[in-house]
Amino acid sequence: MYISLKLNKLLMLSLLGAVMLSVICTAVFQTTTPVSMQAQPVKLAVIMYHGLIDDTSKQNQYFIDTKYFEEDLKYITSKGYRTIFASDLTDYFEKGTPLPENPIMLTFDDGYYNNYAFAFPLLKKYNCKAVISPIGIAADQAENDTKQNTFYSQCKWSQLKEMQDSGLVEIQNHTYNLHHIDNGRSGAKNNPDEDFNAYKAMLTADLEQFNTRMYDELGTYPNSIVFPFGSFSSDTLTIVKEMNFKAAFDCEEKLNFLSSKDDLFRIHRFLRPNNMSSNNFFENIYKESGV
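Residue numbering for the sequence shown follows my numbering, starting at 1 and increasing by one per position.
Where hints are given, some of them may not hold.
[As the list claims (entries may be wrong)] Straight-line alpha carbon distances no greater than 20 angstroms define the calculated SDA-like cross-link-like pairs of lysine to any residue that follow:
hint	residue 1	residue 2
1	67	279
2	67	283
3	74	127
[To be verified] For each label pair, taking beta carbons as the anchor points, the in silico distance ranges come out as:
hint	residue 1	residue 2	range
4	242	78	13 to 21 angstroms
5	197	67	43 to 51 angstroms
6	266	145	33 to 41 angstroms
7	145	196	36 to 44 angstroms
8	271	79	17 to 25 angstroms
9	274	102	32 to 40 angstroms
10	273	80	21 to 29 angstroms
11	79	208	20 to 28 angstroms
12	251	125	26 to 34 angstroms
13	259	57	43 to 51 angstroms
14	196	126	39 to 47 angstroms
Since the hints were derived computationally from the structure, they do not count as laboratory data.
Quick caveat, the model's predicted, so the values are computed rather than measured.
Each residue gets a CB set at the ideal place from its N, CA and C atoms; glycine is no exception.
Put together the whole structure using the sequences plus the hints.
Shown next, in the form of structure tokens:
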């Protein structure tokens with residue numbers, strides 16, 4: 001009987017040891033496993049539009065027929081893709097807010113009036129979201145435009161607010177007045193050999209001016225920067241991060257695989273061409289990306 005009790009005691013100690021070892025190993029694994037290994041990267045196609053027109057003969061590299069945009073929305077919804085905002089991405093990486101399955105993002109650069117006249121009604125029709133990034137000074141100047149033209153006019157702040165308030169459009173920063181190429185500067189990118197402090201002061205002032213105007217008119221601040229012409233440098237990224245922007249968009253045509261907050265400062269976008277069906281356009285995106 002003594003031997004039996006001794007064996008039982010040894011068995012219990014062995015089991016207790018095994019349990020403790022399991023707890024320790026689990027704790028160590030949970031504290032040392034990086035987040036990027038706990039989940040698959042977010043696969044995201046971001047589509048870049050500029051202007052929509054209702055006259056096919058006036059199409060160019062950046063202005064496409066409205067029918068193509070509607071065809072894109074039909075394709076997206078029929079294939080089960082869900083449109084998201086830039087803030088949906090930042091919330092996912094910062095707060096763990098879930099993203100929908102098969103996310104995709106639609107973006108419009110420059111803030112043309114046709115985004116309001118043509119794109120917005122279609123977004124409402126198909127219940128899709130889009131990110132519009134206007135040029136700040138152009139939105140200010142549009143206030144004096146009494147006869148807005150769908151081919152060249154810009155959105156007024158009131159029109160941007162109406163779209164934002166619908167819940168289908170998110171407004172982001174496209175600089176206040178850096179959407180040009182002159183004196184060696186391309187958009188928001190610093191000039192070669194430019195003094196860093198001088199560049200930082202210039203860029204900060206411009207982006208803050210946009211932020212202030214947007215808050216005054218829309219009651220919200222942008223959390224992302226959309227670089228004009230996709231031009232930026234490592235100094236540009238340093239500055240926008242210090243300004244507490246959460247994401248930055250370029251013009252490199254690649255599918256995104258996002259694993260961390262740092263990846264959000266190089267979000268790539270595909271320019272929508274004016275001579276390709278939606279089916280071919282979207283299939284090429286994933287085919288050329290090898291997925």
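Against the structure, the hints:
1. 67 x 279: With a Cα-Cα distance of about 14 angstroms, the restraint between residue 67 and residue 279 holds, given a limit of 20 angstroms.
2. 67 x 283: holds (18 angstroms)
3. 74 x 127: holds (11 angstroms)
4. 242 x 78: 13 to 21 angstroms: violated (43 angstroms)
5. 197 x 67: 43 to 51 angstroms: For residue 197 and residue 67 the Cβ distance comes to about 49 angstroms; the hint holds.
6. 266 x 145: 33 to 41 angstroms: holds (35 angstroms)
7. 145 x 196: 36 to 44 angstroms: Because 38 angstroms falls inside the window, the suggested range holds.
8. 271 x 79: 17 to 25 angstroms: Once the Cβ atoms are compared, 20 angstroms apart, the range 17 to 25 angstroms for residue 79 and residue 271 holds.
9. 274 x 102: 32 to 40 angstroms: For residue 274 and residue 102 the Cβ distance comes to about 26 angstroms; the hint is violated.
10. 273 x 80: 21 to 29 angstroms: holds (24 angstroms)
11. 79 x 208: 20 to 28 angstroms: With a Cβ separation near 40 angstroms, residue 79 and residue 208 fall outside 20 to 28 angstroms, so the hint is violated.
12. 251 x 125: 26 to 34 angstroms: Check passed, 28 angstroms falls within 26 to 34 angstroms.
13. 259 x 57: 43 to 51 angstroms: holds (44 angstroms)
14. 196 x 126: 39 to 47 angstroms: This hint holds: roughly 45 angstroms between Cβ atoms.
When the structure is compared with the earlier hints, violations turn up for hints 4, 9, 11 and for no others.
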